[in-house]
Amino acid sequence: MRDRRIVIVGFMGCGKTTVARALAQRLGREMIDLDSFITESEGRSPARIIEEDGEPAFREIETHALRDVLKPDDARVIALGGGAWTIAANRALVAQNDCLSVWLDAPFELCWERITSSGDKRPLAPDRESARKLYDSRRSGYQLAKLRVPQDRASATHDLVSAILNAAVAEG
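So the mapping is simple: the working numbering equals the position in the sequence shown, first residue as 1, plus 48.
To be clear, the hints were calculated from the coordinates, so they are not data collected in a lab.
Treat the hints with caution; some may be incorrect.
Label-pair distances were calculated between CB atoms; the ranges are [unchecked claim]:
#1 D101 with Q191: 35 to 45 Å
#2 S84 with A143: 36 to 46 Å
#3 A105 with H206: 35 to 45 Å
#4 E219 with E103: 13 to 23 Å
#5 G91 with R52: 10 to 20 Å
No farther apart than 30 Å at their CA atoms in a straight line, the calculated lysine-lysine pairs in the DSSO-like style are these [unchecked claim]:
#6 K181 with K169
#7 K181 with K194
#8 K181 with K119
Since the structure is predicted, the reported quantities are computational estimates derived from the model, not experimental observations.
Every residue, glycine too, gets a C-beta built ideally from N, C-alpha and C.
Kindly generate the complete structure, drawing on both the sequences and the hints.
This is how it looks when you write it as structure tokens:
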């Protein structure tokens, strides 16, 4: 596999950050979590930005942040926020920068369990019904990723990393 940047996408709670960290470690690359990058650069979390300024303002900040992390040509693994991939401009940035996009496809129940156990505030998914509607509405966007890696409750992180690497090698 050549030194392409790899972008991990999927719904909140699907394990993007965990898998991206493990994948980056296995490849000896830098890992960037876009939400953490935004928190550091903006001095506020994505949840707080959405609460204070609204989702459209956050999405604009998110696109600028993605552009910033894609500027260096270094091979790295980038975990996007759950909604970043649903924005056409972000998908275009990923494509223009020849990144490999990987969708971590987790069932809603697994994502919801992780969301509720994390204790993190999720302004776009404050309750199960809202989260389910958001999950369903985003799936068609996630399907636009180059690779799909399905998972379930029994999927171990190292197995997901291996699946990504095997699919990436096959993809070229």
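Going through the hints against the structure:
no., hint, result
1, D101 with Q191: 35 to 45 Å, "violated, 29 Å"
2, S84 with A143: 36 to 46 Å, "violated, 24 Å"
3, A105 with H206: 35 to 45 Å, "holds, 38 Å"
4, E219 with E103: 13 to 23 Å, "violated, 32 Å"
5, G91 with R52: 10 to 20 Å, "violated, 32 Å"
6, K181 with K169, "holds, 17 Å"
7, K181 with K194, "holds, 24 Å"
8, K181 with K119, "violated, 34 Å"
Violated hints, listed in ascending order, are 1, 2, 4, 5, 8; each of the other numbered hints is respected by the structure.
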